[in-house]
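> Below, each chain spelled out in residue letters.
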Amino acid sequence: MTDPILKTHEITRFFGALKASDAVSIDLRPGEIHAIIGPNGAGKSTLIAQICGSLAPTSGRVEFQGRDVTGLSTRARSRAGLGRTFQISALAMEDSVLQNALLGALGASGRPWRFFGPALKDSALREQAEDALTRVGLQDDMHKRTAELSHGQRRQLEVAVALTLQPKAFVMDEPMAGLGSGGSKRLTGFLDGLREQAPILLVEHDMDAVFALADRISVLVYGKVIATGTVDEIRANKEVQDAYLGEDA
Amino acid sequence: MIRETHLNLGIIALLIAIPAWALMADEPFIITLMTRAVVFALAAVGLNIALGLGGLVSLGHAVFFGIGGYAMGILAHHAQTYTPLTEWPFLLEGTKSMPVIWLTAIVASTFAALVIGILSLRTAGVYFIMITLAFGQMFFFFAISWSAYGGEDGLSIYVRNGFPGLNTLVPVQYFGLCLVILLAALFLNARLAKSPFGLALNAARQTPARVETVGLDPTRLKLVAFVISGAITGLAGALFADLNRFVSPTMFSWQLSGEIMIFVIIGGVGRLFGPVVGALVFVALEHLLGGLSEYWHIYLGILLLLIVLFGRGGIIGMLCGRERLHD
Amino acid sequence: MTFVLFAEQVLNGLQFGIMLFLMAAGLTLIFGVMGLINLAHGSLYMIGAFAAAAVAGATGSFLLALIAALAAAAAAGALVEIVVIRRLYDKDHLDQVLATFALILIFSEGTRWVFGSFPLFLNIPETLSGPVTLPGGIQYPLYRITLIVAGLLVAVGLGLLISRTRIGIQIRAGENDREMIAALGIDISRLYTLVFALGAALAGLAGALVGAIQSVQVGMGEPVLILAFVVIVIGGIGSIKGALIGSLLVGLTDTLGGVFLPQLFKLVMEPSAATNLGSSLASMAIYILMGAVLIWRPTGLFGARA
Amino acid sequence: MKTTLKALSTAAVAALAMTAGAAQAEVKVGMITTLSGGGAGLGIDVRDGFMLAIKQSGRTDIEVVIEDDQRKPDVAVQLADKMVQSEKVDVMTGIIWSNLAMAVVPSVTAQGKFYLSPNAGPSALAGRGCHENYFNVAWQNDNLHEAAGAYANSAGYGKSFILAPNYPAGKDALTGYKRFFEGDLAGELYTKLGQTDYAAEIAQIRASGADSVFFFLPGGMGIAFLKQYADSGVDLPVVGPAFSFDQGILQAVGGAALGVVNTSQWNKDIDNATNAAFVDSFQAEYGRLPSLYASQGFDTANLLISAVEKADVSDADAFRAALKAAEFDSTRGDFAFGDNHHPIQNIYAREVIQEGDVFTNKILGVALENHSDAYAGDCKM
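Respectively, the protein sequence lines represent chains A, B, C and D.
Quick note, the first sequence lines up with residues 1 to 249 if you use our numbering.
Quick note, the second sequence lines up with residues 1 to 327 if you use our numbering.
Quick note, the third sequence lines up with residues 1 to 306 if you use our numbering.
Quick note, the fourth sequence lines up with residues 1 to 381 if you use our numbering.
If we strip away everything but chain A, and leave its shape as in the complex, we get:
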C-alpha cells in the first residue's frame, strides 16, 4: 500500500457543546477517489473546512504529503497543492468564464503583482486556463459572463479552476449538487479519468455517482466516521444501512 497523500488524525471540532467532528481519521491515497457520505448535518462541510484550512480543529491534525499542515492557512495549503471546489459556487460572477480560470492559473503561477500588461494576453496563463476549460467542456463558453452560465456549467467551471492549480489532491464539496442526470453523468465520466492525475476526496450526496466513482467510501454520522471501506463493503454494512442508506438508497 502506498503512503496516503492526505490524512487526518483524529480531528475533533467543537461548536460550543456540539461536537461537529468527532475524532475523524481518514486518508486519501494516490490514484483513488475517496468519497465521504453522510446525512445532512453529519459534519461533512466542517470536515472539509478543516482539511482546507478555513476552520481550525479543536484537536487533532491534518497531514498533506507527509507534512503537518494543521497550522497552515488556506492559502498555504493550496500553494502546497490542495485543490478545492466549493459546494456553493464561489466564482467571480461579473467576470468572464475565462477570467475565472485565469485566476486559478494566476494563483498557481504565484505572480499576481504585475500591474501593467493585460492578464488575457499572458500566453502562459491563458494556455493553462483554456486547457482546463477545454477539459471540463467549457471551451465554447469561455467568453460568456459567469453569471450567465447554467448551474451545471458553474459546477464545471469550479472543477476547471481547481484544475488550473494542478493540485496534488482534489477536495470536492458536492460537485454534482443541482446537476441534472445528464450533467451528472458527464461529470462522473470526467472525474473518473481525473483520479489518474490526482486523487480526489469527494463529498457527495448523489449516490449513483458515489457508487460509480469511489474506490473507498467513508460514512460520517454525527461527526463520527462509522465505517470506511470499498463500495461493496459499505453496501453490506449493517450499521450504515441503519444509520443512513436505509432511508436514502
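Since the hints were derived computationally from the structure, they do not count as laboratory data.
The hints are all genuine.
Covered by chain B, per the in silico footprint, the following chain D stretches (three or more residues, Cβ under 8 angstroms): (1) 67-74; (2) 165-171.
What follows is a set of in silico ranges between Cβ atoms, one per label pair, in the way DEER data are often shown: (3) L142(C) <-> K362(D): 27 to 37 angstroms; (4) A17(A) <-> E126(C): 57 to 67 angstroms; (5) S150(A) <-> P164(B): 53 to 63 angstroms; (6) E355(D) <-> V132(C): 26 to 36 angstroms.
Virtual Cβ for every residue (Gly too), placed ideally from N, Cα, C.
We have chain A; now place chains B, C and D onto it with these hints.
Below, chains B, C and D without anything else, positioned relative to chain A:
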C-alpha cells in the same frame, strides 16, 4: 445604448473642447471650473480603484487629499517665507517646484495609505467604512490644532507653484497640466484593471474565499489597491491646493470624503470614466444650482436621491448599460 | 485636583455618554434589524429639537415640547422610511450612504427654509433649573441629573421592550433571520416602519433634551451623528448593550480626556504648549479609542463575530 | 452671473433692478459671503446691511454681484477667481470668516483689486501681510477681546478664567484678552471646535477660584456655553466679545445672557443720526432688528459709496486715497483708518438687557477709546 468606449472618447473631447471654447470666448473662469472638475475627477479616479475594483468603501479618502494638499502647502509655505522645514538631521528647504511637491504628496499619501490600510483592513463592511471615517476625523482635528501651519485658518500661497516650461498662473496652462495628469491616471487605471493584479483584485472583491483557495491573499491585494488609490488621491490633493493656492483642514473633512464618493457613484462605480463624469456633473450642478437658490442643497439632495433610487450604475450605467467584459 | 472635581467630571462624562446612547440606540437598532446605515439620523435629532423649540415657544410647556419632539421625529422617520428608506434595504452600503447623505442635505436646508438661519430658543423648564448639592458636596445641575435618569429609563425601557414584548420578539427575529420573520407571518414592512419610527423618536427625544442646554440650530445633528457612529462601532453594530457601553466609554473618554490630557502634559512641558498639545490630542481621543477597539476587535466589543 | 441675483431677497432685488437697469455700471462689486449652511445668518446680515446702504444711496452706477461661499474656503477661492476672471469686478467684499479671508484676500489684492472686509480681521493681514488695497471696515480680530480685557480691569476683576476653541481665532482671542488684562489667570482652556457640552469646563471654572470668566465661543458654541453656565449655579461675572451676544443669536440664548457684559464697536443705541436712521430703516426693510454684522455691512457699503463719489475706481491711487480718508457717516460715530488700513474706533462695553420680549444690548460705556491694533507697527506699507 452607447458603446462605453465611444462615450469615453466623447468625454475626453468635451474636456478639451469646453476649455478651448472658453479660451476663445475669454471666459477664464470656465477654465478654472473645468480645472476644479478635472482635479476632483483625479481624486475620484483614485477612490474608484479602491471602491470599484477592490470593493473598499472608504469614507476617509479626504485624508489622502488633505495630505497631498498639505504637502504642497507646507513646502510652498517654507519656500515663500524662506525658512527651512528642518535643520536637523540635515537642512531641508521648502520648494515651489510642482514636480517635487507632487512626488512628496505621492510618497506621503502612499505611506499614510499603507498604515491606514493595514489597520483598517482588519475590519470589513460597515466597520471598514467607519474606521476610515475615524482616521479622517483624526487628521481633521489634528490639522485644526496644528498651529505651526495655520490651524483652521490654513495656509495661503500667494503665487501658484511652478512647472518647468509653463506659466501655471495662466488658467489654461494649469488646466492642461491637470488634464494630462488625469488622462495619465486613467490610462494607468485602465491597464491596472486588465492586469494580472486587476484580475486578482476583481476576484477578491467578488469572492475572497476563491482567491484564498487559489493561493492568493485577498487582504494583501486590497491593501495594495488601497495604497495605489491613496497615492492618486494624494496627488489630486496637491493639484487642488495649487489650484486654490490655499490649503485648510476642510480638505480633511468627512464631507469631502463623502463628496469624492459621490463623484464615483454619480458617474458609475467601477467604470473607468465614472469618476470623470461624476466630477463634471457635480461641479456643473454646484455652479448652476448655486445660482438658482440659496437653498440649492435641497435640489442637490433630491437629485442624488433619484440617482441612487432609480439610476442603476450611475450615469455611465444608464447610458451604456452593463460593463462589457474585457476580452 | 480634588476628589469632588474628579467625581463631578466623571458624572459629566456619564451624562454625555447617556445622551449619546439615545442617539446611538436608534441607529444601532435600525442597523441591526434592517441592515441600514442611516446618515440622516442626525437630521431626526435636529427635527426633534426644532419641534420642541417651536412648541415650547408657542405653549411655554416643556412637557408638550418633549411630546412634540417625539411625535415630529417619529412622523418624519415613518414618512422617510415609507418614501425613501424602504427602497434601500436591498441595496449595498454604498447606496445607503449616498441616499441618506442626500437626505441630510434635504432636511438641513428644508429646516433652514422653514425656521430661518438663526438658532432657536429652547430652555430648561423652571422646575428643573439650577444646581442641587449631591452627597460629597458636589454642586450639580438638576437638569443634567434628570438627563441621566431619563437616559437610563429609556435604556431599561428599550431593554424590556426587546426582551419582553411581541414587538421585541419580532425585532430579535428580524435581526437573526429575515426569512424567519416572514415565515412567522409578520408584516415585515410594517415592522420596519415601526422600528425606524422608534429609532427616529429616540433621536428626536435626544435632540429636544439636549437642545435645552445647547443650541438649536441647523446642522446640530451631524457632529452628534458622527459620535453616535463611533459609539455603535465601538459597541458592535446592532447591539443595544454595546451601544450603552460604547456611549459611556465615549462620553468618559471625551470628557476626561479633555480635562486630564492637558494637565498630564503640563507635568513634562511648559503650560501653553501642554494645553495646546493636550487639547489637540483630546479632540482626537475618541477616534483613537475607536481605531484601537476595531484593531483589537474588528467587529466591536459586542458585535457578531464575522 | 445674473442668475445669482434671483437669490436675493425681494428688497435687494428691487435695489439691484435699478442698478442693473442703468446704462452702465461704473463700479462693479463682488460680494462673497456665507448664505447657506451653518453660519448663514451672519452672511445674510452683512448682505442685507450692505444692500440697504446701496439702495438708500440711490446710486445706479454700483453693481453688486453676490455669491454664496457655503463657508468653504475652496469654494470661496473659486468664487474669487470667478469674480476677478469672469465678472471683472473692481472691488470685493463680504467674507465673514478669517480662514476664508486668508484664502481669498492675499491673491485678490495681489491682482490689483480692492478688498473691503466687513467682518474678518486676521492678524496676518493687519501686520506683516498688510496690503494697500485691503481695508478692514470692522475690526482687527483681537480688538473686541482686548476691550474685554480692558473692561475687566476697570470692573476690578483680579483673577480671570479664560477659554476659547482650539483654533487660531481662539488663540488670538485669549492673546488679545491677556494683552490688556492686568490681573492673574485662574485658568486657561482650549476647547474643541464645535463642542456643544461644556460641563467639564464649567466644573473646572467652579473649582478654579476665579472671580470672573472670559470666553470666546462664536455661534452655537456660545449659546450652549451660556445656557449651561447659567444653569450650573456658578455665578461669577462673565465677559466676552459681542459675537455671542449679538442680535441674531441672543434670542436663542434667552435669559441666560441677561446682564452679561460684552464688548462691541457698535450697538443700536449709539447716539448719532446715521445710526438711528439705520436701525429704523433696517427694521422697516427686513422686519428684524439689525445686528452687529448688519451694521458692518452697512458701513462697508457707505465707505465704498463715499470713495466712488470722490474718485474713479480705474484710478487706483485716487480711489485708494478716497477709501483711506473714510469720509462717510458711520453708524459707529467717529471712524478712521490707521496706517495699516484697519479701524481706529471706540470699543464699547455693553450689557444684555430685555426690552419687552426681545433681548438686546445697552451700552455701559467706552472700554477702549480710539483703539487701533497691536499689529499696525509691523505693517510696512
